[in-house]
Amino acid sequence: MAEATVADAAVDPTALFEFLLRMGDNTLILGHRLSEWCGHAPALEEDIALANTALDLIGQTQLWLGLAGAVEGKGRSADDLAFLRDACEFRNLLLNERPNGDFGKTLMRQFLFDAWHHLFLNALRLSSDTRIAEIAGKASKEVSYHLERSRDLVIRLGDGTAESHGRMQGALDDLWPYTGEMFMNEASDAVLAAAGVAPEPAGLKTEWDALVGETLSEATLKEPAEGYMQKGGKRGIHTEHLGYILADMQFLQRAYPGATW
Amino acid sequence: MAEATVADAAVDPTALFEFLLRMGDNTLILGHRLSEWCGHAPALEEDIALANTALDLIGQTQLWLGLAGAVEGKGRSADDLAFLRDACEFRNLLLNERPNGDFGKTLMRQFLFDAWHHLFLNALRLSSDTRIAEIAGKASKEVSYHLERSRDLVIRLGDGTAESHGRMQGALDDLWPYTGEMFMNEASDAVLAAAGVAPEPAGLKTEWDALVGETLSEATLKEPAEGYMQKGGKRGIHTEHLGYILADMQFLQRAYPGATW
Amino acid sequence: DPQERSFQERIDQGQKIEPKEWMPEGYRKTLIRQISQHAHSEIVGQLPEGNWITRAPTLERKAILLAKVQDEAGHGLYLYCAAETLGISRDEMYEQLHSGKAKYSSIFNYPTLTWADIGAIGWLVDGAAIMNQVPLQRCSYGPYSRAMIRICKEESFHQRQGFDILMKMVKGTPAQKAMVQDALNRWWWPSLMMFGPSDDASVHSAQSMAWKIKQNSNDELRQKFVDQTVPQAEYLGLTIPDPKLEWNEEKGGYDFGEPDWNEFFEVLAGNGPCNAERLGARRKAWADGAWFRDGLTAYAEKQAARRAGNEAAAE
Amino acid sequence: DPQERSFQERIDQGQKIEPKEWMPEGYRKTLIRQISQHAHSEIVGQLPEGNWITRAPTLERKAILLAKVQDEAGHGLYLYCAAETLGISRDEMYEQLHSGKAKYSSIFNYPTLTWADIGAIGWLVDGAAIMNQVPLQRCSYGPYSRAMIRICKEESFHQRQGFDILMKMVKGTPAQKAMVQDALNRWWWPSLMMFGPSDDASVHSAQSMAWKIKQNSNDELRQKFVDQTVPQAEYLGLTIPDPKLEWNEEKGGYDFGEPDWNEFFEVLAGNGPCNAERLGARRKAWADGAWFRDGLTAYAEKQAARRAGNEAAAE
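In order, the protein sequences belong to chains A, B, C and D. In this text, residue positions in the first sequence follow the working numbering: the first is 34, and each later residue adds one. In this text, residue positions in the second sequence follow the working numbering: the first is 34, and each later residue adds one. In this text, residue positions in the third sequence follow the working numbering: the first is 18, and each later residue adds one. In this text, residue positions in the fourth sequence follow the working numbering: the first is 18, and each later residue adds one.
It should be emphasised that the hints constitute simulated quantities derived from the structure, not laboratory data.
Some, not all, of what chain C presents toward chain A, calculated at C-beta under 7 Å:
#1 68
#2 128
#3 283
#4 288
Computed list of lysine-lysine pairs in PhoX-like fashion (alpha-carbon distance at most 25 Å, straight line):
#5 C/194 / A/107
#6 C/301 / D/301
#7 A/238 / A/255
In this text, all values refer to a predicted model and were calculated from it rather than measured experimentally. Ideal placement from N, C-alpha and C gives every residue a C-beta, glycine not left out.
Next comes chain A alone, as it looks inside the complex (with noise of 0.2 Å):
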């Protein structure tokens, strides 16, 4: 794995590996969403599509996990972090492990995520990490891909029939208090802020909204009040819906414990 920084010194690890966890926890689940999609999408271009987004995904948690084994020092890679945790060591944003309901859900779902993760991305580029610019350098380049095309499907399916724009909007209502989590700062953030490491949450608010009304606006939807907003996906405290997405992505590597594939 990569060497220690100057920057890492300074950094309590545990507060490194919980966000390193949150990276490819979010990845590793949204990507699993996608991917049970394949072979049922609504057009060929759209399985394509979602493939290749589940794949960069993909890939990206194998960085941010690797790089987490590898601060968190007890020799666990990026598969043991995978596929041997249970629900409540999971960190991912709550949206993520949402089901996908129809088309335009998790189109929605993808929109909202990906324009919080490419402004995330672009913030962590500039990392007094340098392991984490590198990997967030890399994963930006396919993640502004991904918020094009999911914007610009947002735009068109809100603006289209009067079914699209409905679905759309109810996708949108029932998405939007999952929304909120990804800006609460934890405790550690402000330690990783401190050292330069990562942003803190909150600060990408502004912009966030900036892009996602101007987006919805364009695609004649309308944005929720802010309202109620759920968490606790960060600290390990998810939905329903997780174990059972872990029950069958963990399914090989529990039942043959020790095989390598």
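Assemble the complex: chain A is given as a structure, and chains B, C and D must be docked to it using the hints.
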């Protein structure tokens, strides 16, 4: 566990083990499917009845798989057999792992299986293996009630509205190719039949046809032509659905090996 | 009003009110609201526990959980029947549930995230429910009182089973013990909230007390629950997630912190972690099952017509 | 017919036929049937492999499988485009798939039951497909030939990846090795059937050969496949589930048993283990996606109208 009787001495323990797995896996997997309905049934009475049927089936599973473990003689408990085998080691009928579909499909699957289960258990009460006869005696009381109930509902829904009729006919047509497996003899069945342990499956076909035929006729449903019949479950070649059932069912035992609950 | 006075006198004397007897409109309405809310809670309560039936860790635990959930549906049935004696139909009650007009216990808007949650629900949620329900066995309304007697017996059985799940787990691996502590951390405060906010100021409560629909204040019951539960937690080797928890020798009970009532009201307003899913699941079950119920009705009508036809032919 | 004669001469000279050139109706129809069937196979083929993406055993394997399935959807796209050059639309082809009029490769009507099946599909199914497809790179129809060149390159990459999955597993635990043998047992015969029944007697085949749409007989290709695959199975330490398999020194190839053609025709007739599910999944995807496609169309129309409006205003 129960002690060996005179009959077992004569019977190949592998054949007996396979037979007991078939019985126990049938009840385990169908019990699992029914319990997926919990809280989602179309009427409160149905929630209660399904939970009750599932409960009976899980209780029977404990007996069948407990005896299977004893016959195998390798120290495996009923729980070991339920939670630590992979799909290819399961011996249930494909019918029982079919997805629930709508409530009509669940009921039709139940009726088709109950009719067989009832007849087969009745025959097993005369088994030369007293341990089997005993389990069959207990189970057949429960199952004759299951049959009474599923048969009654098939009739009422078949002869209900045009919609309920259509749904029941659709369910019947979809599930019909999975009924043939109940009557297919495996190599080991002749051994068991010769020893008076269990009747050969093919021998129950006439009675089952009569029972099912009469019910379907009363339900104003059209019995499908015999046609091509799916098979594989009794030899461990299942549908793609079983893997997902097991991923959920076995999660805790797999994720926390050796823990007691 | 002499009728109301004599009604109150009968209640004061500890007599039971039965379905066909006169009762004040307020008494009827309060009971319908309370009994149907209780029934809805049993029905919605199937969902969080049902979430773990397919994943129960042993066949025995699976069977016990199935039996428990079946009991709960059964309780729902008694309670709907009890409410029906007050002149409301089960379908009307469902309609109120599905439209959001009727409530169910907010506790079921929390998710069951691990197997320990199934233990914790039995121990804490059923424990709190029993604390609420035991006095209701002496409720002035006969059918409700009798339903509660039956329900309380089963509930205390469920509570023991929940405790047993946790006992086994805390004696198990460190991971299992951590799972139990985590479950307690998540379920403790919502369980305390099950007794409702402090009711010092509630006129509503005072009337219910006079009518013997309610017999203890929320705070009394909450105190009783804490006093009963803390030693059990100690026995399990767990830490109650309340830094203010402390034995108060003087009052002969525990002092404890204030639940986050803000959270309580958010959950009540529909913002709990699972409100949308719970109500959505019930609405979907009802909508998807319409053809089934219609089919049974149509069959019954056909059968009645056939019988009538046969009788006519026989005449 | 001089036009047909000159067409055949061009083919005999190894010239490529291009979309806008004259061609016999039979040539066009045969190509449409074959190319669309091939395209449908790529699309339906996503399903059995997609079944294991969420359960892939490592992140690396998951990524590889995602990339593979994405490639297959891409192949579907090239092939639909190639077929469209013959005057049929993609929607028409979908319609034929959904109605059951058009076929897809029967192999995808078998279930993927373990992770070893993903390896076996790469090794055997892609292996057989390549055997069929390599000659098609020289097909007389230009767009099809070019699509096949691109596809074959990726397919042989997929085949190596499948073999690699199995290599890793046979070097693993006994359970893993047993899983691989079990996969071979289930996929061997269906793979041999992918070449179709013996075509000695088929007039159809003779015409396709003359048109250079088809270049080898089914039996030739099957023999080639067996000869290539048996040593690979030996390398993996596996047993081919065919007691009649034996090296024939004289012919320089293997003798082998006859596949169960009865099973082949049953699967073709819709009775395979997964026919109903595969076709059902595709139909459902299409039906559920109608609103999505309509939404995009409506947006495009609105945009066009807006542009037209702007232009009119600017004039």
